[in-house]
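**Student:** Below are the chains, spelled out letter by letter.
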Amino acid sequence: MNFYETISILRQDTSIQGVKTITDEFKSILASMGAEVVKHEYWGLRQLAYPINRNKRGHYTMLCVKASPEAMAELERHYKIKENVIRFMTLKVDKFDSGPSLMMQSQVGEQEAEVAQPKVDTKKEETKEEVKNAE
Amino acid sequence: MQSNIPTQDGYISNFLLFNKTAEVTQKKPTHHLVQNPHLINYKNVDLLKQYITKGRGRIIPRRITGLPSYIHKKLVREIKIARILALLPFASGA
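Chains as they are written, first to last, in the working numbering: chain A, 1 to 135; chain B, 1 to 94.
Treat the hints as calculated values from the structure; they're not laboratory data. The model shown is predicted, which means the values in this text are computed figures rather than measured ones. Some clues are possibly wrong.
With a cut-off of at most 27 Å between alpha-carbon atoms, the simulated DSS-like pairs for lysine-lysine come out as follows [what the hints assert, rightly or not]:
hint: 1; chain 1: A; residue 1: LYS20; chain 2: A; residue 2: LYS82
hint: 2; chain 1: B; residue 1: LYS27; chain 2: B; residue 2: LYS73
hint: 3; chain 1: B; residue 1: LYS80; chain 2: A; residue 2: LYS39
hint: 4; chain 1: A; residue 1: LYS56; chain 2: B; residue 2: LYS27
hint: 5; chain 1: B; residue 1: LYS80; chain 2: A; residue 2: LYS95
hint: 6; chain 1: B; residue 1: LYS74; chain 2: A; residue 2: LYS92
hint: 7; chain 1: B; residue 1: LYS49; chain 2: A; residue 2: LYS56
hint: 8; chain 1: A; residue 1: LYS82; chain 2: B; residue 2: LYS80
hint: 9; chain 1: B; residue 1: LYS49; chain 2: A; residue 2: LYS95
hint: 10; chain 1: B; residue 1: LYS80; chain 2: A; residue 2: LYS66
hint: 11; chain 1: A; residue 1: LYS66; chain 2: B; residue 2: LYS74
hint: 12; chain 1: A; residue 1: LYS80; chain 2: B; residue 2: LYS80
hint: 13; chain 1: A; residue 1: LYS92; chain 2: B; residue 2: LYS54
hint: 14; chain 1: A; residue 1: LYS92; chain 2: B; residue 2: LYS27
hint: 15; chain 1: A; residue 1: LYS95; chain 2: B; residue 2: LYS74
hint: 16; chain 1: B; residue 1: LYS54; chain 2: A; residue 2: LYS95
hint: 17; chain 1: A; residue 1: LYS39; chain 2: B; residue 2: LYS74
hint: 18; chain 1: B; residue 1: LYS28; chain 2: A; residue 2: LYS56
Could you put together the complete structure from these sequences and hints?
**Tutor:** Here's what the structure looks like:
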């Protein structure tokens with residue numbers, strides 16, 4: 001198992017609901033391959049530094065994943081199939097940043113951003129509490 | 001040359017002759033990126049923007065920024081990642 005940060009940029013005309021469903025699809029693909037999504041961040045509809053396929057803006061999503069190389073290869077295969085994905089990148093990292101990344105700190109105004117972050121935390125807390133209770 | 005300058009076998013030591021006193025030979029303060037190399041990340045776009053030119057978006061050479069080579073190499077890598085993700089511009093033509 002390795003640590004990966006994977007970023008996908010979706011087309012500007014994708015609705016926020018669409019972004020959610022697509023990221024959920026990617027998450028389910030990862031889950032079926034036995035990978036664990038540690039962190040999910042939506043950076044919002046950002047201005048692109050240069051146009052990509054006539055898109056001036058894009059929906060940025062970052063997933064921090066604990067996965068095998070095969071799972072990431074499968075995810076990238078799906079990135080290529082999905083027409084809404086205009087750019088993606090997967091990076092192998094030593095460890096994940098604790099807490100929200102710099103991107104999230106810079107855009108305080110956009111509140112749509114925090115989507116799945118609290119869910120992960122509550123799950124972890126619950127398991128910890130269960131362990132305590134068992135003891 | 002009779003003065004209170006301490007001499008060694010009649011010669012003034014180089015340390016005093018070239019005025020290498022503590023104030024003059026003070027070390028340059030270390031760059032904040034050397035102290036916090038974890039700040040160099042493709043997500044830290046505001047920081048990376050300081051190391052590309054404003055007009056054409058070219059990476060500023062190390063001889064101008066004066067950074068250590070290992071820090072500069074790291075910066076270059078992260079700038080190039082940010083360019084692929086359209087967070088920073090590629091160097092535009094003349």
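**Student:** Indicate, hint by hint, whether the structure satisfies it.
**Tutor:** For each hint, the structure was consulted:
1. With a C-alpha separation of about 14 Å, the suggested pairing of A:LYS20 with A:LYS82 holds against the 27 Å cut-off.
2. At most 27 Å may separate the alpha-carbon atoms for a hinted pair to count; B:LYS27 and B:LYS73 meet this at roughly 24 Å.
3. For the hint linking B:LYS80 to A:LYS39, the alpha-carbon distance of about 24 Å falls within 27 Å, and the restraint holds.
4. Under the criterion of a C-alpha separation no larger than 27 Å, the hint pairing A:LYS56 with B:LYS27 is inconsistent with the structure, at around 47 Å.
5. Between the alpha carbons of B:LYS80 and A:LYS95 the distance comes to roughly 21 Å, so the proposed pair stays at or under 27 Å and holds.
6. Pair hint B:LYS74 plus A:LYS92 holds up; C-alpha atoms about 15 Å apart against a cutoff of 27 Å.
7. Between B:LYS49 and A:LYS56 the CA atoms are separated by roughly 20 Å; this keeps the pair inside 27 Å, and the hint holds.
8. A distance of roughly 25 Å separates the Cα atoms of A:LYS82 and B:LYS80; the hinted pair therefore holds under the 27 Å criterion.
9. Using a Cα cut-off of 27 Å, the hinted pair B:LYS49 and A:LYS95 holds, with the two alpha carbons roughly 25 Å apart.
10. Between B:LYS80 and A:LYS66 the alpha-carbon distance is near 24 Å, which keeps this suggested pair within the 27 Å criterion.
11. Of the pairs offered as hints, the one joining A:LYS66 and B:LYS74 holds, with about 24 Å between alpha carbons and a cut-off of 27 Å not exceeded.
12. For the proposed pair A:LYS80 and B:LYS80, the alpha carbon gap of about 22 Å is at most 27 Å, so the pair holds.
13. Between the alpha carbons of A:LYS92 and B:LYS54 the distance comes to roughly 30 Å, so the proposed pair goes past 27 Å and is violated.
14. A C-alpha spacing of about 37 Å is found between A:LYS92 and B:LYS27, which places the hinted pair above 27 Å, so the restraint is violated.
15. The straight-line distance between the Cα atoms of A:LYS95 and B:LYS74 is roughly 17 Å, inside the 27 Å bound, and the hint therefore holds.
16. Distance restraint check for B:LYS54 and A:LYS95: the Cα-Cα separation of roughly 33 Å exceeds the 27 Å cut-off, and the hinted pair is therefore not satisfied.
17. The hinted pair formed by A:LYS39 and B:LYS74 meets the criterion: a straight-line CA distance of about 25 Å does not exceed 27 Å.
18. Straight-line distance between C-alpha atoms of B:LYS28 and A:LYS56 comes to about 44 Å, which puts the hinted pair past the 27 Å bound.
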